[in-house]
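Asks: Given only the sequences and the hints, what does the whole structure look like? Please build it.
Residue numbers (this note's numbering), protein chains in the order written: chain A, 31 to 546; chain B, 45 to 601.
Hints listed in this document are in silico derivations from the structure and should not be mistaken for laboratory results.
You may find that some hints are simply not true.
As the list claims (entries may be wrong) - Straight-line Cα separation of at most 30 Å, DSBU-like style, residue types lysine-lysine; simulated pairs:
#: 1; chain 1: A; residue 1: 112; chain 2: A; residue 2: 95
#: 2; chain 1: A; residue 1: 538; chain 2: B; residue 2: 580
#: 3; chain 1: A; residue 1: 348; chain 2: B; residue 2: 228
#: 4; chain 1: A; residue 1: 144; chain 2: A; residue 2: 184
#: 5; chain 1: A; residue 1: 529; chain 2: B; residue 2: 164
#: 6; chain 1: A; residue 1: 348; chain 2: B; residue 2: 229
#: 7; chain 1: A; residue 1: 298; chain 2: B; residue 2: 229
#: 8; chain 1: A; residue 1: 538; chain 2: B; residue 2: 228
#: 9; chain 1: A; residue 1: 538; chain 2: B; residue 2: 575
#: 10; chain 1: B; residue 1: 480; chain 2: A; residue 2: 51
#: 11; chain 1: A; residue 1: 529; chain 2: B; residue 2: 229
#: 12; chain 1: A; residue 1: 509; chain 2: A; residue 2: 529
#: 13; chain 1: B; residue 1: 229; chain 2: A; residue 2: 370
#: 14; chain 1: B; residue 1: 359; chain 2: A; residue 2: 298
#: 15; chain 1: B; residue 1: 165; chain 2: A; residue 2: 298
#: 16; chain 1: A; residue 1: 298; chain 2: B; residue 2: 228
#: 17; chain 1: A; residue 1: 529; chain 2: B; residue 2: 580
#: 18; chain 1: B; residue 1: 591; chain 2: A; residue 2: 509
#: 19; chain 1: B; residue 1: 165; chain 2: A; residue 2: 348
#: 20; chain 1: A; residue 1: 529; chain 2: B; residue 2: 597
#: 21; chain 1: B; residue 1: 164; chain 2: B; residue 2: 290
#: 22; chain 1: B; residue 1: 262; chain 2: B; residue 2: 200
#: 23; chain 1: B; residue 1: 527; chain 2: A; residue 2: 273
Claimed, not checked - Negatives, chain B to chain A, calculated, CB over 10 Å:
#: 24; residue: 102
#: 25; residue: 104
#: 26; residue: 129
#: 27; residue: 134
#: 28; residue: 220
#: 29; residue: 222
#: 30; residue: 246
#: 31; residue: 265
#: 32; residue: 328
#: 33; residue: 346
#: 34; residue: 408
#: 35; residue: 479
#: 36; residue: 532
#: 37; residue: 548
#: 38; residue: 574
#: 39; residue: 598
Backbone N, C-alpha and C fix where the C-beta goes; we use that ideal spot for every residue, glycine too.
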Amino acid sequence: MWASASFVGVLIIIGLPLWWKTTEVYRVSLPYDKISSFDTLSHSITTELTVLANDDATATEIISKILNAFKDSDVTKLRITKSLISKQLLSTLDAVADEHEAVEEVGAVYDLTKHNTFYVVQRKPLFQDTWLAGDRVMFFRDAKASNTVAEALKRVVYQTSVVEGARSETADAARQTRFPPGAGYHIVLSVVHPRPDALKVDLNAGDAVEDYIGSFVDEMSVLHNFTLKSQWLHLLDFDFQAKEIKDTSDWGRHYAVRQDRLHLLLTKLEERTATHVSELPTINLALYAVPCERAPLVIYDSNDKKVESHVQAFMSPKWGGVVVGGPSEADCRDSSPVWKPNVRVIMGTFISQLRKLLGITDAVHVNGAHLEPLRSVTPRQWEIDNLLRIRTLEQLTSAERTLQSLAQLLGEISNIVINDEVGASINSAVESIQRASELMSHGDLVQAYNMSQSAFLAAETAFMEPSLLALLYFPDDQKYAIYIPLFLPIMFPVVLSLKNLILWFRGKPVHKEKTE
Amino acid sequence: MDFLRRFLSYCIFFTFFLCVRCDEFREELFFKPLPSTHLYSYFQFVTLVDSEVSSFHSHLAPRSLAEVVSRFQVEELHLTLTEGQWRHHQWGYPVLDAAPGAELYAWFSPDVTDVDTQWKKLSATLSGLFCASLNFIDSFNTVTPQMALWPMGAVKSSQNVTSQLRYASLPREIVCTENLTPWKKLLPCESSRGFSALLNSRMIHNTNYHSVGVHVRKVCKSSDCLETQLEFKQTVALIYDYDIIKSNDWSFRKLFGQGLPGACPLSTDSKIYVDVTSNSTQPFTLSPPPDNIILSQRGRTDTKLAVYNIHPDGKMINIGVKHKTKSQIPVSIHPPLFFNRYVLGYGKEFGGIVTEITNNCLAPINVVVLENAPWWLPIQLSTLRVNGEAESKLVQSQYYSPGRSRQKPYHLELLIKLPPKSTTTITIDFEFVFLKWQEYPPDANHGFYIGSALISANLPTARNYTSLPITGTTFDSVINDTKLWYPIVFRTNGAMVSLPTPDFSMPYNVICLACTVVALAFGPLHNICTKELVLKPSGTSLSLTQKLLNLFKKKKD
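Replies: As structure tokens, then:
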């Protein structure tokens, strides 16, 4: 019996744990409890709002209306400071006629350049209920405008629904359009020139990109790094399958392109734009120069209605924008036609597309609230603040979801290896997530954004690390091909002897009827 | 008249156009009948851009390549993908020689400190760009040539160029259409117009030899070289066999399957050169007749070139050659320098590589021979013999860097002075190495390729020499270019060895057999150890199984 026991001892008590230990998949210990405790819907951002009114009653009235309006939104937490306008500022505000000058006067007293702050200032001589431009200041007339103030803050300045969409499970319209978050983007302007022999395009693409797009993205440098590029794609001929339609213009005709044909142009462009050589995501902007014999090209919508627009353009979410331009009738009458594109209009169109692609949503109209239209390429200050909020939340929730799904995968698939590097980046992502949510609740938006970005990038690198898959394709049948011939014949008698062994341990007679 | 007017308008249009952008694109095509029955056609597409602005804003230059060059701070880059073997002794010399398979070498800017990492990243990026297996380039197949390669472009004279150079070749790489398509996309006219429209993959992969190349270098903008330009040169070299096209009268339609649909509208200059020197011995006519015929004297070699200027008018052009007499096989005269390389030995233990270099000139020639053996083929310097001698006077200088298993290849460079009218034989022995079972390539019994050796020479004569001078960008720089020396880098033929290859199913068989034996032995052993014999008193009641067993026993009896 001792022999039997020693076989069991060697094979089962020493052998099995040894086998278990040597065939174990290498995994660094991970903070699973922290990962599983992430609640993506609980994040909120604290933001500072200062209400400046002429008298205390108005300020209280305004604040109560604002608090009421933001009661049901848990994503933006307002930290409201109430104060009265100083006598000096009041007199100057009343004295200046122009609102922009008034903003400057407010800016002289208060710091309007700080991120995540906003000022609601009373200004008596106002024609509308509220007035808002590019700076972090909104004017209102009196206490009667309090409803409009609250509404405009909620729907225009803070855009709570879009911010909430950034952390939700399903993507809303804005998230479907904008690029996924990233440390930087390449913006490539491709001038598509199908007939260089028949038309000359007089455009310095490099300068146009640097001048217009450059000054736009400079303002957004707090969010991402941008690299601007331009290229020409010659002889890329796309068949629009346009129908000629007679009209009363100088040309006497126009070519109608159905909207549903346009996405095929993107496929054609993708062949040549060489976006894959960039290390960062690329935002494509394409200017298609229609040759004389195909001009002017007009886009028709799905109901066969002309799209009434100054510029023929369309946008593809998460890809980029296309402007279709062409020479005028007078240009084409020349024997060697030259088209000088209207750079200001074309670049303006590209910028309006870029705004959406980068995540700035168009402001909704609120009754009684006046919003100054954009006059330059630069985005509004409060739009950038809002974008910071959206991106912070988006990166944070995305990082959390990535880690959660990684943890879930690790539970489901036992073959995944987690080496030290992946473990380190998961740990740093978890740490950054915690830091970022603390910073968010303190209202330190720019820091929180940077922290959430590092969390996002760390989580993505951990998830995309190819070493995770090192053992994934090690098939089970090959394992059994080794185990079965060795283990089955050996373990069979050993396991069977266990029964006798147990009986023997209990002191019962073992060989009752076994042998003759 | 209409044509002339249109042509003038193009000229005006392009001169204006180019001054604004200051980048130029030229396309050239060169034909040369080669001895015995072959025809050499060489396409060259050159884009010149100002190096300051090129990487971010490109007009005619390929943005993808410009971006790769600027991102990895590459000063000069040469990539060739070749199928087939150039026969130097028979065909003479190509414009640019290329090793069979894939070959990549690059000089990085002096600012790059970690050249090896940049090199790895560069090869991985180019692998994606050209759909080639360049990602297999690693430290174990990369060498830094000390003497054999020098930059073709403009470099500062004070710069240490050798330490920034990396060279690798993948002789096993198979070149096909998937490499040609991305290559065509780098051209401003892509393949829709211009000479690149002739590159019909169905026809060009039907040749004896084809080589696709991308070369980026810096060239001087003016003679004082204060400003440099970036030159992107894309080349295709094809060798057609008259036996394949079934006659020695060739035409575009026979060679490429179609005519030439005019020049690329973006090119400043589109020219076709046909070497008509052999017209005196083998009379033929060109149709349509060339625009002019140039007599070029290079050294003491006379070359006659027929030149066609092609205009971007979209007219189909079909240039062809008709021989007056039936085909005669011309006598091939050996070029000034030719070479051969082969593997020695039998069995699976030792072997040797022999490189024979023949100097056919009346003057001695200095050559640098670079032998680059992979780590699994250790070459031993002690076995190096030049013409059978261990200490040869011919060897002027020598560089040897021993390899390291799985990390570094063996690298030997010899500067040899070849005596006139002689053949020099360089022999070096190697031993075969057992690889780990995962290191064998698929189909390991096919054999293992050894990369070409590089032979870099300064030829004293321009006979058979077709390369452009180092300062030249376009083909017209060849005309009357007499120099003291004609530098050229050759690639010898590759070789193949068969390494000891195991039976790959053996480990599994061994496991199964060993396990069965262990299992068979274990059963009785376990039984003997654990069972004990116990005496059983007779007359005890029998269990049911015992009764059944007894029943069988009785029947047997």
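Asks: Check the structure against each numbered hint from earlier and tell me which ones fail, lowest number first.
Replies: Failing hints, ascending: 5, 8, 11, 18, 21, 23, 24, 25, 38.
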